[in-house]
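The primary structure of each chain is shown beneath.
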Amino acid sequence: MRVNPGSSAGFTLIELLVALVIIAILGLAALNQFVAQHQAYVAQNDGVRSEQNARAGFDMLIREARNAGYDPRGITGAAITHWTTDSFGWTADLNADGDLNDEAEDVLYFFQADPGALIRREQAVDVEVMDGVTDLSFGYFADPDGTAAQTVDNIELVAVSMTYLMPEGTMPGALRTQVAVRNAIYK
Amino acid sequence: MTRTRTQTVSRLGHAGFALPAVLALLVALSLVGSAAAILTSTEVRVAALYNLSNRASAAANAGLEHAVAHFGVSGPDDGWPVAGSIGGYDYSVAITRDSFDFGAGQLPVWWSSAAGYNTDDDGQPVWILSSLATRGPYQSREELRVSVGGGTFQAAAPFTSSSGMKVQGNVTISGVDASDDDSCGGDKPAVVLTDPDDDVNSRGSVDFEGDEAYADSVPPYVGHDSAMTFNTPEEVLGLDPGALDGYQQTGQEFDADPPDTLSGVTYVTDDFGSNGAGSGDIDGSGVLIVHNPLYDPRQHDPSHPLFDPVVAADPTYAPATLGNINTGTFNGIVIADRIDRLTGNTTIFGSVVMLRRVDDGRNVATGQVLIQYSCTAIQTSTGGLGGPRRLAWSAR
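If you're matching them up, the sequences are chains L and B in order.
For the first sequence, this note's numbering puts the final residue at 187, and the numbers step up evenly by one.
For the second sequence, this note's numbering puts the final residue at 583, and the numbers step up evenly by one.
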């Protein structure tokens, strides 16, 4: 009796029940937190992936477009070949060999509406550079003041803007920049 | 004993159940948090790499600009490769002579506005400036093809005028090439008028000479060519609009530090001569421009669609006048909105171009004036004009 008082057995039962309840509450709270964190993780992962995908595709377009009309032999007729609001194409004698038959020397970027995508066409082969694109538009200017180019020979600046899908619940992404078509300026 | 042991086991079991459970939850939450932190830092790193890549391109471009400036001053032989650093990037720009096989073997490439790229020694040599910017593992390369600049003089006569003109006295205007340099295509007519309805009113002992093909013209050696219509000095010299802006000075600025003799490009935006800035002495060489940048000859011409009577009456937009010039020998090109007048013993070897479209009835030249075409004088005066010419640019 001295060693095992009568209150000891009741305490053990209550203690067990209380502990179970507390652990259950803590467990549920932690599970909720975990689920929320996981969802955030997945959303952020998707967001970063979309962002990087968009940036890579956009950057590819911009970097290539800067060489439009590169014709260091003067015999290829390299120039801007397409200039609509949703497509931009050009030729460039990138390896200065006097023809336009080599890699990346005849390129067209355009917007595919359904499903929304940025497409790169080279030698009649289409490659999807980026999916989830909701809009892609090109503007053509004759000078930095924003004077619209009236003919292809007037084009000195090309404005590019693109919007694309982001994970559900977040704002759509948008990228915008201008490309100076230097070879047109130098001609 | 049994009860005591049971109590001890029960208490120990309780303590060991709650603590590991909470610890496990904490570990799980920490892992989730760490994953989010790592992801965020990855995104930051990707953005930083993108930034570094763009900055490498900008640095390579800065290197090209440096090299173009160096090329303009030192040419292709001295001080290469051009090196420097900007924004933490080191750039180095090498220069090489461009060569290509246009069908006659691998030959150095030349460029001229008329022939374009060629291997026939026509125009100026083409050089490749190759700029590499580096910072650790990040690098960017850009290439620019350039040639020595120099406008291509568009007029082809010792005197070209966009209006009718009056000449009086012992004036000689000769299209016979004083330099006998075949590269300009031989002799020229004495005067070319850009409007087929315009005429030259000559009085006294005016002497026109030149290409015999124009001997039967009326007056003799006077031709008409509507293709040679110029509104600005840049158009006359075959340069981009605004290419000569850096040379502009007012008459007051010219008078503040007048040279002993004219050389290079002298571009005065006010009246010039003994009736304006400077003196009546035209001694020197190069390109002399007397042009009000606000003056557009078309706005003063009632027959032109751009004619604006308000502008035509406003002195702000009035032509700058070259005159009176009464002595000196000038080798090169003279471009003036209006000339009133060359007189005395003034001699010009090269070419004179007058931009005005409406004849005001004043004498352009009187006295013992000699104006004679000189291919060499023209080519010398336009060499290097406008800085290096950029031909083609690419990035890798």
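These are computed hints drawn from the structure, not numbers from a lab.
Don't be surprised by glycine CBs; every beta carbon is placed ideally from N, CA and C.
Possibly wrong hints are sitting among the right ones.
Stated by the list, open to error - Some but not every residue of chain B turned toward chain L, in silico, with C-beta under 8 angstroms:
1) V209
2) L212
3) A222
4) I225
5) V233
6) L236
7) Y237
8) Y304
9) R332
10) L578
11) W580
What the hints assert, rightly or not - Listing some non-contacts, in silico: residues in chain B with all C-beta distances to chain L over 10 angstroms:
12) A343
13) K353
14) N418
Hint by hint, here is what the structure shows:
no.: 1; hint: V209; verdict: 7 angstroms, holds
no.: 2; hint: L212; verdict: 4 angstroms, holds
no.: 3; hint: A222; verdict: 6 angstroms, holds
no.: 4; hint: I225; verdict: 10 angstroms, violated
no.: 5; hint: V233; verdict: 6 angstroms, holds
no.: 6; hint: L236; verdict: 11 angstroms, violated
no.: 7; hint: Y237; verdict: 7 angstroms, holds
no.: 8; hint: Y304; verdict: 4 angstroms, holds
no.: 9; hint: R332; verdict: 5 angstroms, holds
no.: 10; hint: L578; verdict: 6 angstroms, holds
no.: 11; hint: W580; verdict: 4 angstroms, holds
no.: 12; hint: A343; verdict: 24 angstroms, holds
no.: 13; hint: K353; verdict: 41 angstroms, holds
no.: 14; hint: N418; verdict: 19 angstroms, holds
Of the numbered hints listed earlier, those contradicted by the structure are 4, 6.
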